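Engineer: Sequence:
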Amino acid sequence: MSNKKPDIKLIALDMDGTLLDDRHVVSEENRRAIKEAEKKGVRVVLSTGRSLKTARDYVLSLELSSYLVTINGGEIWGPNGELVQRSMVDTEHIKWMYELSQKHRAGFWATSSEDVWRNKMPEDLFSQEWIKFGFHIEEDEIRESVLKELKDKGIFEISNSSLKNIEVNALGINKARGLQKVCDLLGISMDNVMAVGDSLNDIAMITEAGLGIAMGNAQETVKEAADDVTGTNQDGGVAQAIQKWVLS
Numbered sequence: 011m012s013n014k015k016p017d018i019k020l021i022a023l024d025m026d027g028t029l030l031d032d033r034h035v036v037s038e039e040n041r042r043a044i045k046e047a048e049k050k051g052v053r054v055v056l057s058t059g060r061s062l063k064t065a066r067d068y069v070l071s072l073e074l075s076s077y078l079v080t081i082n083g084g085e086i087w088g089p090n091g092e093l094v095q096r097s098m099v100d101t102e103h104i105k106w107m108y109e110l111s112q113k114h115r116a117g118f119w120a121t122s123s124e125d126v127w128r129n130k131m132p133e134d135l136f137s138q139e140w141i142k143f144g145f146h147i148e149e150d151e152i153r154e155s156v157l158k159e160l161k162d163k164g165i166f167e168i169s170n171s172s173l174k175n176i177e178v179n180a181l182g183i184n185k186a187r188g189l190q191k192v193c194d195l196l197g198i199s200m201d202n203v204m205a206v207g208d209s210l211n212d213i214a215m216i217t218e219a220g221l222g223i224a225m226g227n228a229q230e231t232v233k234e235a236a237d238d239v240t241g242t243n244q245d246g247g248v249a250q251a252i253q254k255w256v257l258s
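Each residue of the sequence shown is one higher than the one before, starting from 11 at the first, in our numbering.
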């Protein structure tokens, strides 16, 4: 990347391990930096693996007025809380992944348009519109084996939000696609985006944004993909990145 500062018009922030500290709190310095950026006319968009249900309170408390990308790009929400886009995973595929989790005795969760199901599923899988399936697996060997079966299918977008989990969306659905849609709606380019994250589900947006920032606590592959590495989520890394690239 050249030394010339990119023209940042939108800041895309992952939540867990990035904007939030280890207690899932937004620090005062992060809050302040977001406010300052917005005062400069830069939009701030949360781009998260979480569903609207578990992200909404943060959006409200930060008084963000822009778009929101949830479930790794599976849903995009508008400034007035309206649904802009939803990308489903075929229910047959959800059923197959649920069976895979049972075969390996793996912890799992599944996100539908209505709810997040943890380690149990509704009696009628076809009663829901499914958007994401996740596995939580402590044992590396089992996790590798589940990952291989998922990859062999060739029909999924596979990422993670921690080293112990696997997250699965419909093929081609990721945070970068979600942000591309938001940029189209705002009439700006991905070159005008600064994206900040820490996990594999952030890599697409970090590499496709004009400026990709990895957290100090990010997974190594994420750091390698980024243009710059900031502080950790425990020491206001988001605020440091905003200060360095947008405010100074």
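Since the hints were made in silico from the structure, they are not lab data.
Model, not experiment: these values are computed from the prediction.
Any given hint might turn out to be false.
Beta-carbon label-pair distances, calculated as ranges [claimed, not checked]:
# : residue 1 : residue 2 : range
1 : Asp194    : Thr217    : 13 to 23 Å
2 : Gly197    : Lys158    : 19 to 29 Å
3 : Asp100    : Val35     : 10 to 20 Å
4 : Glu149    : Asp201    : 33 to 43 Å
5 : Leu181    : Lys50     : 30 to 40 Å
6 : Glu149    : Glu124    : 46 to 56 Å
Backbone N, C-alpha and C define an ideal beta-carbon position, used for all residues, glycine too.
Engineer: If a hint holds in the structure, say so; if it does not, say that too.
Structural biologist: So, going through the hints one by one against the coordinates:
{"no.": "1", "hint": "Asp194 <-> Thr217: 13 to 23 Å", "in the structure": "holds (19 Å)"}
{"no.": "2", "hint": "Gly197 <-> Lys158: 19 to 29 Å", "in the structure": "violated (42 Å)"}
{"no.": "3", "hint": "Asp100 <-> Val35: 10 to 20 Å", "in the structure": "violated (37 Å)"}
{"no.": "4", "hint": "Glu149 <-> Asp201: 33 to 43 Å", "in the structure": "holds (42 Å)"}
{"no.": "5", "hint": "Leu181 <-> Lys50: 30 to 40 Å", "in the structure": "holds (37 Å)"}
{"no.": "6", "hint": "Glu149 <-> Glu124: 46 to 56 Å", "in the structure": "violated (31 Å)"}
When held up to the earlier numbered hints, the structure conflicts with 2, 3 and 6 and fits the remainder.
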